[in-house]
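For chain X, the structure is supplied; the task is to place chain C on it using the hints.
Which chain is which? The protein sequence lines are X and C, in order.
Residues in the first sequence are numbered from 47 upward in steps of one, following our numbering.
Residues in the second sequence are numbered from 47 upward in steps of one, following our numbering.
Simulated from the structure, these hints should not be mistaken for lab results.
You may find that some hints are simply not true.
Copies of one chain are not kept apart here, so a pair can be met inside one copy or by any two copies together.
[To be verified] Below are the DMTMM-like pairs computed for lysine to aspartate or glutamate, each with C-alpha atoms no more than 20 Å apart in a straight line:
1. K53 to E219
2. K122 to D385
3. K344 to D191
4. K277 to D129
5. K249 to D159
6. K133 to D49
7. K246 to D49
8. K246 to D226
9. K109 to E195
10. K277 to D159
11. K206 to D191
The primary structure of each chain is shown beneath.
There are 2 protein chains.
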Amino acid sequence: MNDVLKKVMGIADDVYKKILAKKNPSLSMPIRSLQNVSYDPKVGFFEAIGKCKARTLTASTVKTFAQTLLMMNESKKLIKTDDIATKREVYYISKNWGEALFREQPESDTVMDDFEAMMEVNREQLGFIPEEKGGEVAGNLVIIDKDVESGKDLKIDCTKFGSGAYSIPISVEHLKFETDAKFILAIETAGMFQRLVKHKYWKKAGCILISMGGVPTRACRRFIRRLSEAKKLPVYAFTDGDFYGYMNIYRTLKVGSGNAAHINKFFCVPNAKFLGVTPQDIIDYKLPTHPLKDVDVKRGKDAIKNDPFVHHYKEWERAIHLQLSLGKRAEQQAFAKYDLNFVIDKYLPDKLKNQKTWLP
Amino acid sequence: MNDVLKKVMGIADDVYKKILAKKNPSLSMPIRSLQNVSYDPKVGFFEAIGKCKARTLTASTVKTFAQTLLMMNESKKLIKTDDIATKREVYYISKNWGEALFREQPESDTVMDDFEAMMEVNREQLGFIPEEKGGEVAGNLVIIDKDVESGKDLKIDCTKFGSGAYSIPISVEHLKFETDAKFILAIETAGMFQRLVKHKYWKKAGCILISMGGVPTRACRRFIRRLSEAKKLPVYAFTDGDFYGYMNIYRTLKVGSGNAAHINKFFCVPNAKFLGVTPQDIIDYKLPTHPLKDVDVKRGKDAIKNDPFVHHYKEWERAIHLQLSLGKRAEQQAFAKYDLNFVIDKYLPDKLKNQKTWLP
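Bound conformation, chain X alone:
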């Protein structure tokens, strides 16, 4: 029996014993909000600071209490049979729970989030998977998966996909890795990824390319995290030069987000560095730009005012001020002004040589 299963059974056992002893059973779980979060760069991610709420069985909590136990039971079954269920499927499963059924999926998601926080593991380890996947991989990496029938190792060589790529599955907990790469390059857009794959940039640079396709999904973040941790690989982020790239993509990748602090420790990539496009790159490379819109300006000002990550790194605060004063943003594709492969022949090699131009 694995540790997660033991913990589920242990919690259920406590409830059962309390009932036999004619005491009120109770479930304790961390509060999930920004008020329960701190940022310490030594830890590397937004961290819950330990405030808990207790869900005690009363007349008013009886339905949620029953739903939590029924969801624990589903999780137990999934772990035992090595199966998976999407959040949406779990909602539909509840249609057979009689009066405990969920009327809308947000109710079901909330109970799942509470259960996940209570267990202190990411919900993929409980058998629950998100709807969306996302994340493509190419380069110096062999992924070791298991054949579900024979149980044998399956080695997937990411140098052998030609113009295609390996698509990251929704759950990545079971994957293992072999690699001699020097770093992971995490790329915002599918178009830039395709260019680097087409020209086998991963071979020239000795790296692993990962396409995030915008804000990385849970599976993509977890994959990068597990790979970088297992193989001690630094992660360099290459996004558009705008606040969306800096904060929504890079900051989420590196330290996580505020509203899901209980899982940041599984998903964040604390050793990630921001390679570019930086505001200084816009000046140094004389990039074609677009003017910042009001909403961009607001996003930048908000980051300076409210984001603990920006508060911690003065380099980021300065960079955001610089971008606001430029009043401009630039995209990864803007290097095409010089030559389609300028990014491969000049920009990336120059940046890799000079890490002083990066942001933390």
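Chain C in isolation, oriented as in the chain X frame:
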């Protein structure tokens, strides 16, 4: 020199000769609108009916004329060097065209669409690729790509990815295929795809699984089309039971869309059939449902009123009427009500045995 390159050079040559002969050069291209479209099921897709516009060099057209020629020149270079450029990159390249530069990307996209229509090939053959990729593959299929350095064949075996999958590249023109599969199952959601992959459904059913992730991208549609054509494989679509699944996903996959008629012949999959979820399935399988919203009802009524595809297939017209009278929609995941793997053990096998329950 390949045929596309010859055609580009031929058009350029005509313009050049006209100029030498002191005549006004002119470019002729199909009109791109619903008014220039017809649907014939023998053809299988929305088809341009041949109305053309001529772009003659005058004082008022000089800039667009120059841009078209410059874009033809970029395409020539891309084809010759076997390189690619995203629509966004092409827009940035124009920043070096002096007065002929594009101010906004929509201008650039329009010239590209005209050029594509003029050439009567899909723009991927001109070296221009979309920004977004999308589409995952698992199952009984070997994809043959080429190594860009050695030029040697690369065989990619889609039975050997474990829980992962092959990610379709942005351009698929060069791929070849080997397979003994009996059909292609094109699936709407990544979650359902992951379930079928996890349980190796492709092996049980002898098929190829393709995840469309909502409305399929150009690359995904072209991949399915090329694979089904090359290997004479039927394509079965499995989407949510709603108008978005029927029209935006399935109808686009099968016959294409109205606003891009000049490329439908490359992207549509005329032999596709709709396996489910049908409105009748909602009744027969007593599926959990959601009420239709006003916008859903409008979409259904619009399809009956305006869609040449629905006009042609009375079965679809009846199905849409049925769904409107039910006032409900159902999702692929709704089968989880019975059992997580009901869809694998019961629904898909039953449907495959009884094609009378499908829609055309």
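Each hint tested on the structure:
1. Taking CA atoms no more than 20 Å apart as the test, K53 paired with E219 passes inside one copy only; the shortest distance there is 18 Å, against 51 Å between copies.
2. In this assembly of identical chains, the alpha carbons of K122 and D385 lie at most 20 Å apart only when taken from different copies (15 Å versus 55 Å within one copy).
3. Taking the shortest Cα distances, K344 and D191 never come within 20 Å of each other, neither inside one copy (44 Å) nor across copies (46 Å).
4. When the C-alpha separation of K277 and D129 is checked against a cutoff of 20 Å, the pair qualifies neither within a copy, at 28 Å, nor between copies, at 33 Å.
5. In this homomeric assembly, K249 and D159 never come within 20 Å of each other (Cα to Cα): the closest approach is 41 Å inside a single copy and 35 Å across copies.
6. In this homomeric assembly, K133 and D49 never come within 20 Å of each other (Cα to Cα): the closest approach is 22 Å inside a single copy and 50 Å across copies.
7. Proximity of K246 to D49 under the C-alpha cut-off of 20 Å is found in neither arrangement, the shortest distances being 41 Å within a copy and 27 Å between copies.
8. For the identical chains of this complex, K246 and D226 are intra-copy neighbours only, at 16 Å inside a copy versus 31 Å across copies, given an alpha-carbon limit of 20 Å.
9. In this homomeric assembly, K109 and E195 never come within 20 Å of each other (Cα to Cα): the closest approach is 39 Å inside a single copy and 62 Å across copies.
10. Taking identical chains as interchangeable, the C-alpha atoms of K277 and D159 are never at most 20 Å apart, the minima being 30 Å within one chain and 46 Å between chains.
11. Taking identical chains as interchangeable, the C-alpha atoms of K206 and D191 lie at most 20 Å apart whether they share a chain (16 Å) or sit on different chains (9 Å).
Hint compliance for this structure: hints 3, 4, 5, 6, 7, 9 and 10 are broken, all remaining hints hold.
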